[in-house]
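Assemble the whole structure, with the sequences as input and the hints as a guide.
No gaps in the numbering here: position 96 of the sequence shown is 95 in numbering that gives the first Met the number 0, and each next residue is one more.
These aren't lab readings, by the way, just hints derived from the structure by calculation. There's no promise every hint is true.
[What the hints assert, rightly or not] Label-pair restraints from in silico Cβ distances: (1) V125 <-> P29: 24 to 34 Å; (2) G35 <-> V125: 31 to 41 Å; (3) E113 <-> G86: 16 to 26 Å; (4) L88 <-> D41: 39 to 49 Å; (5) N14 <-> D85: 19 to 29 Å; (6) K67 <-> V18: 21 to 31 Å.
The model shown is predicted, which means the values in this text are computed figures rather than measured ones. For glycine and all other residues, C-beta sits at the position ideal for the given N, C-alpha and C.
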Amino acid sequence: MFTLHPGGAPADGLNVSTVDFSRLLSLFYPRNVISGDLSTLDEWTSVLRLAHMYEFEGHRTLAIERLKTLATPIDRILLAREYLIDGWLEDAYTELCMREEPLTLDEGVRLGVEDVVRLADIRQSVRATYRIVPKEQHIRTLVRYQLSTRGLTL
Numbered sequence: 000m001f002t003l004h005p006g007g008a009p010a011d012g013l014n015v016s017t018v019d020f021s022r023l024l025s026l027f028y029p030r031n032v033i034s035g036d037l038s039t040l041d042e043w044t045s046v047l048r049l050a051h052m053y054e055f056e057g058h059r060t061l062a063i064e065r066l067k068t069l070a071t072p073i074d075r076i077l078l079a080r081e082y083l084i085d086g087w088l089e090d091a092y093t094e095l096c097m098r099e100e101p102l103t104l105d106e107g108v109r110l111g112v113e114d115v116v117r118l119a120d121i122r123q124s125v126r127a128t129y130r131i132v133p134k135e136q137h138i139r140t141l142v143r144y145q146l147s148t149r150g151l152t153l
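Laid out in structure tokens, this is it:
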């Protein structure tokens, strides 16, 4: 019925890589029966992709449970959007808005403009609610520092 090609090429007639298919099969035929064969974000994302595609609800639920602990908030936002995972967007947004550190450039690129602006708006609203407004000079100093460390001219 299916022919798999070595090296990760898609299976005949399907948009499924051999790597993804092999990872899904490892749930049915694990090498390590006690702890399973899958342990990374990429491995469990492969399982989620195919379980979602083929509507294997039990395997989809298992993949989501495993990914909860492996995925960063950014990963959870992207996975929630792609695979319609209830509750993950709110939790990930909340986690990102509560953390002290701003989004990194890499995180912003992965999320895209819409999510970055939405997160910035929420973070700004939170800070405005608590009336933590530094003086203009402090803001200017921070802006200069951020621009100069990125090689941008003032």
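Take a look at whether the Cβ-Cβ distance between L88 and D41 falls inside 39 to 49 Å. violated (21 Å)
Range hint 21 to 31 Å (beta carbons of K67 and V18) holds or violated: holds (22 Å)
Outcome for the supplied range 19 to 29 Å, where the beta carbon pair is N14 and D85: holds (25 Å)
Does the hinted range 31 to 41 Å hold for G35 and V125 at CB? holds (40 Å)
C-beta pair V125, P29: status relative to the range 24 to 34 Å that was hinted: violated (44 Å)
Return holds or violated for the Cβ distance of E113 and G86 against the range 16 to 26 Å. holds (20 Å)
When held up to the earlier numbered hints, the structure conflicts with 1 and 4 and fits the remainder.
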